[in-house]
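Can you build the whole structure from these sequences, using the hints too?
For reference, each letter of the sequence shown is one residue, going 1 to 413 in the UniProt record's numbering.
Calculated from the structure, these hints are not laboratory results.
A portion of the hints provided could be inaccurate.
[What the hints assert, rightly or not] Computed Cβ-Cβ distance ranges for the label pairs, DEER-style:
1) 171 <-> 230: 47 to 55 angstroms
2) 86 <-> 287: 50 to 58 angstroms
3) 142 <-> 104: 39 to 47 angstroms
4) 162 <-> 133: 35 to 43 angstroms
5) 309 <-> 379: 47 to 55 angstroms
6) 212 <-> 274: 21 to 29 angstroms
7) 89 <-> 274: 32 to 40 angstroms
8) 256 <-> 336: 33 to 41 angstroms
9) 285 <-> 208: 35 to 43 angstroms
10) 382 <-> 358: 29 to 37 angstroms
11) 155 <-> 109: 23 to 31 angstroms
12) 109 <-> 258: 18 to 26 angstroms
By construction, the Cβ of each residue, glycine as well, lies at the ideal position given by its N, Cα and C atoms.
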Amino acid sequence: MFRQLLLSLVVIGAAAAAYVFFVPGASETLARFGITLPFGEPAEAATGPANAPGQQQAAGQRGPGGGEGGGGPGGGRGGNRTMVVVTAPVLLATINDKLTSIGEGAAAHSVTVVSPASGTLAELTVRPGEAVTAGAVIGRLDADAEQIAQERAKLGFDDAQTALDRTNELAKANNTTTVQVAAAQLAFNNARLELQNADLALARRTISTPIAGTVGLFQVSAGNTVTSQSVVTTIEDTSHILVSFWVPERYASAITEGMPLTATAVALPGQTIAGEVSAVDNRIDPASRTLKVEAAIPNDEGLLRPGMSFSVSMTFPGEQFPSVDPLAIQWSSAGSYLWKFVEGKVERVPVEIIQRNSDGVLVKAELGEGDQVVTQGVQQLTAGASVRLLDDPSGGQGGEGRRRPAEGQGNPS
Numbered sequence: 001m002f003r004q005l006l007l008s009l010v011v012i013g014a015a016a017a018a019y020v021f022f023v024p025g026a027s028e029t030l031a032r033f034g035i036t037l038p039f040g041e042p043a044e045a046a047t048g049p050a051n052a053p054g055q056q057q058a059a060g061q062r063g064p065g066g067g068e069g070g071g072g073p074g075g076g077r078g079g080n081r082t083m084v085v086v087t088a089p090v091l092l093a094t095i096n097d098k099l100t101s102i103g104e105g106a107a108a109h110s111v112t113v114v115s116p117a118s119g120t121l122a123e124l125t126v127r128p129g130e131a132v133t134a135g136a137v138i139g140r141l142d143a144d145a146e147q148i149a150q151e152r153a154k155l156g157f158d159d160a161q162t163a164l165d166r167t168n169e170l171a172k173a174n175n176t177t178t179v180q181v182a183a184a185q186l187a188f189n190n191a192r193l194e195l196q197n198a199d200l201a202l203a204r205r206t207i208s209t210p211i212a213g214t215v216g217l218f219q220v221s222a223g224n225t226v227t228s229q230s231v232v233t234t235i236e237d238t239s240h241i242l243v244s245f246w247v248p249e250r251y252a253s254a255i256t257e258g259m260p261l262t263a264t265a266v267a268l269p270g271q272t273i274a275g276e277v278s279a280v281d282n283r284i285d286p287a288s289r290t291l292k293v294e295a296a297i298p299n300d301e302g303l304l305r306p307g308m309s310f311s312v313s314m315t316f317p318g319e320q321f322p323s324v325d326p327l328a329i330q331w332s333s334a335g336s337y338l339w340k341f342v343e344g345k346v347e348r349v350p351v352e353i354i355q356r357n358s359d360g361v362l363v364k365a366e367l368g369e370g371d372q373v374v375t376q377g378v379q380q381l382t383a384g385a386s387v388r389l390l391d392d393p394s395g396g397q398g399g400e401g402r403r404r405p406a407e408g409q410g411n412p413s
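Structure representation (C-alpha cells):
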C-alpha cells in the first residue's frame with residue numbers, strides 16, 4: 001500500500017513538473033490557486049509575509065511602473081502574462097488546375113509500302129530497323145522482261161529519230177511532201193511515248209520509300225510472288241511522337257495549339273518529357289463529352305516508339321488565394337481557423353481550405369499579402385489576447401513595462 005502511494009506521488013510530481021516547464025504561465029496559474037512549487041518559474045507576485053521589509057519598500061518605491069518584483073500594471077510578468085508566439089507572413093499563390101490524361105503515341109509520319117507491280121520479289125536491300133532517306137530503294141522485283149521491252153523501245157525511238165531527221169533534210173531541199181514530214185513526226189512521237197512507257201514499267205520493278213524514317217518488319221521475303229496490293233513493310237518517322245489523348249469538355253476553351261505540357265511514357269517511368277499541343281479537334285465527342293487533343297513530343301534519343309502509352313499532364317493558371325503556413329491552420333467544431341497577429345494582439349479568422357501544397361495551404365479568408373499569422377504558441381490563445389513575438393523580447397506592453405524600471409534604476413530620485 002505504501003509503495004502504491006509513493007508511486008502515485010512520484011507520478012503526480014512528474015506531471016506537475018511537466019506542466020510547469022512546458023505550459024506557458026503554468027506557475028502563475030498555480031499561484032492564483034495558492035499552490036507554490038519549489039521548481040519552475042517563480043510566481044509573479046512578490047508580496048507576502050515572507051518578503052523582507054526592505055523588499056516591500058523597494059517594490060513600493062517603483063510604483064505603478066514597477067518591473068519584475070512589482071505587481072503593478074506595468075510589470076512584464078504579472079498575473080496576465082503576455083503569451084510568446086511565432087508568426088509567418090501570408091503570401092499570395094495561384095491555384096493550379098492540373099489535368100492528367102492517358103494517351104497513345106504515334107509516329108510523326110507513317111507510310112505503308114506496297115509493291116508497285118506484280119511479280120517475283122528478287123531482293124530486299126535493307127533490314128528492319130534501319131534508317132532510310134526519302135526515295136531509298138528497299139527492294140526489287142524481277143525485271144528481265146521490262147529491261148528487254150525498254151531496249152526494244154529505245155531502238156524504235158532511235159530509228160524514228162533518224163527517219164525524222166532524214167525527212168526534215170529532204171523537206172529543206174523540196175524533195176519530200178508535207179504529208180511525209182507529218183508521218184515521220186508522228187512516228188517519232190509514238191516511239192518516244194513507247195520508250196517512256198518502257199522506262200516506267202522498268203522503274204516499277206523497284207520498291208522505294210516515299211519518306212525518311214525507320215524500316216519496320218517485312219511482310220514478304222525474297223522469292224515471294226507479290227501483287228500491286230501486297231504490303232512490303234512500313235516506314236515510321238519517329239523524329240517526334242504524336243500523342244493523342246482526350247480531355248473533358250470544360251477544358252475545350254482553355255486548350256490552344258502550342259500550349260506546353262509534360263508527358264511520361266509508361267515504359268520509361270521517371271523520365272518526363274516536355275512537349276506542346278500540336279492540334280485540337282474541332283468537335284466534342286457527344287458520347288463521352290470529351291475533346292481529342294494531339295501533342296508533339298520530341299524523340300531526340302530515339303527511346304520512344306509508336307504505340308507507347310503516355311501520361312500527359314497540363315497545368316492551367318487559376319485564381320489567386322492567400323497562402324499560409326500549414327502550422328497556422330487550427331480546427332474547432334465550427335471548422336478551420338487561424339490566429340492573425342495585429343499590433344500585439346491576436347484575432348481569430350475563420351478560413352476555408354482551397355488547396356494543400358507542399359509549401360503552404362491556400363485558403364479563402366480575410367487575409368492580405370504580408371499579414372502575420374501565428375504558427376507556434378497557439379494552444380492558449382483567445383480572441384484579443386496580448387502576445388509578443390519570440391524574436392522581439394521587448395515587444396508588447398510587457399516589454400515596455402520592463403524597460404521603464406531599468407531607466408528609473410539608472411536615475412534614482
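Now the hints, each set against the structure:
1. At roughly 52 angstroms, the beta carbons of residue 171 and residue 230 sit within the given window of 47 to 55 angstroms.
2. Distance hint check: the CB atoms of residue 86 and residue 287 are about 56 angstroms apart, consistent with the given range 50 to 58 angstroms.
3. One distance hint, 39 to 47 angstroms for the beta-carbon pair residue 142 and residue 104, holds here, with the actual separation near 40 angstroms.
4. For the pair residue 162 and residue 133, the supplied restraint of 35 to 43 angstroms holds, since their beta-carbon distance comes to about 41 angstroms.
5. The supplied range of 47 to 55 angstroms is met by residue 309 and residue 379, whose beta-carbon atoms lie about 51 angstroms from each other.
6. At about 24 angstroms, the CB distance of residue 212 to residue 274 agrees with the hint of 21 to 29 angstroms.
7. Distance hint check: the CB atoms of residue 89 and residue 274 are about 33 angstroms apart, consistent with the given range 32 to 40 angstroms.
8. Between residue 256 and residue 336 the beta carbons are some 37 angstroms apart, a value that agrees with the proposed interval 33 to 41 angstroms.
9. Between residue 285 and residue 208 the CB atoms are about 39 angstroms apart, so this pair conforms to the stated range of 35 to 43 angstroms.
10. Distance hint for residue 382 and residue 358: a CB-CB separation of about 32 angstroms, consistent with the stated range 29 to 37 angstroms.
11. Range check, residue 155 to residue 109: Cβ separation about 42 angstroms, and the 23 to 31 angstroms hint is violated.
12. Taken as a hint, the range 18 to 26 angstroms holds for the pair residue 109 and residue 258, whose Cβ atoms sit roughly 20 angstroms apart.
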